[in-house]
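Produce the complete structure using the sequences and hints provided.
Using the working numbering, the final residue of the sequence shown is 191, and nothing's skipped along the way.
What the hints contain is simulated information worked out from the structure, not anything from laboratory work.
Below, computed lysine to aspartate or glutamate pairings styled on EDC-like, alpha-carbon distance capped at 16 angstroms:
id : residue 1 : residue 2
1  : Lys45     : Glu26
2  : Lys127    : Asp111
3  : Lys180    : Asp147
4  : Lys57     : Asp17
5  : Lys122    : Asp53
6  : Lys20     : Glu56
7  : Lys57     : Asp162
8  : Lys180    : Asp138
9  : Lys57     : Asp157
10 : Lys20     : Asp53
11 : Lys173    : Asp147
12 : Lys127    : Glu113
13 : Lys45     : Glu174
14 : Lys173    : Glu150
15 : Lys173    : Asp44
16 : Lys127    : Glu116
17 : Lys60     : Glu14
18 : Lys35     : Glu23
19 : Lys83     : Asp39
20 : Lys45     : Glu86
21 : Lys185    : Asp144
22 : Lys20     : Glu58
23 : Lys83     : Asp44
24 : Lys173    : Glu86
25 : Lys60     : Asp17
26 : Lys151    : Asp162
27 : Lys60     : Glu23
28 : Lys45     : Glu6
29 : Lys122    : Asp111
30 : Lys78     : Asp39
31 : Lys180    : Asp144
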Amino acid sequence: MSSNLELIVIPPEEGTDPLKLMELAERILLGDTRKHTIDYLQQDKIWFAIDTDSWEKEGKIAPLRNFCRAMNARITEKYSEAKPYEAWNVAQSNPCFEVWLYYHHYADRPDREDVEKQPSVKAYVNKQIAGGFDYQRDPARLQDAIDNSEKNYTQQDNGNPDWFATEQFLLGKEIMGFVKTEVRKLRNKLG
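What follows is the structure, encoded as structure tokens:
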């Protein structure tokens, strides 16, 4: 959508386990055989978009968040000319990424009893949004998704998102900073 934004999606090689994603990032972004270079002077950012699933109970989310904090702390140590910033980030959805899709279309958190009548949150969202994510139309709803998910965002005591909350709005804001004009044009075109 924008020539100022380069989005590199790195598919998980061994599933979506946060610890495996962290190991993958270390190997392809930091290791001697890295496939991509992070330019901290240009303020490149790395985002781990994760679901809560069972990872929280298994203790696999906190180490990923700690890894990101440690990487951010080392930026100015390693690159003295770089300004401190949050290069490494986690955008967690509870319980799943479909929560972010839901907020593209709905302003309020759903009634939990209605959701629990379905076999899963994914099934509930698919029932609410016929056809799922529309790659032609839904990008025009990016600002709606940001606003709706931020408005409904609450945290547990441990800092992780509450049920049917997502941190994807943080990543959405980053992207929107680059594509605001294009999103507005698309929205006007679609009506």
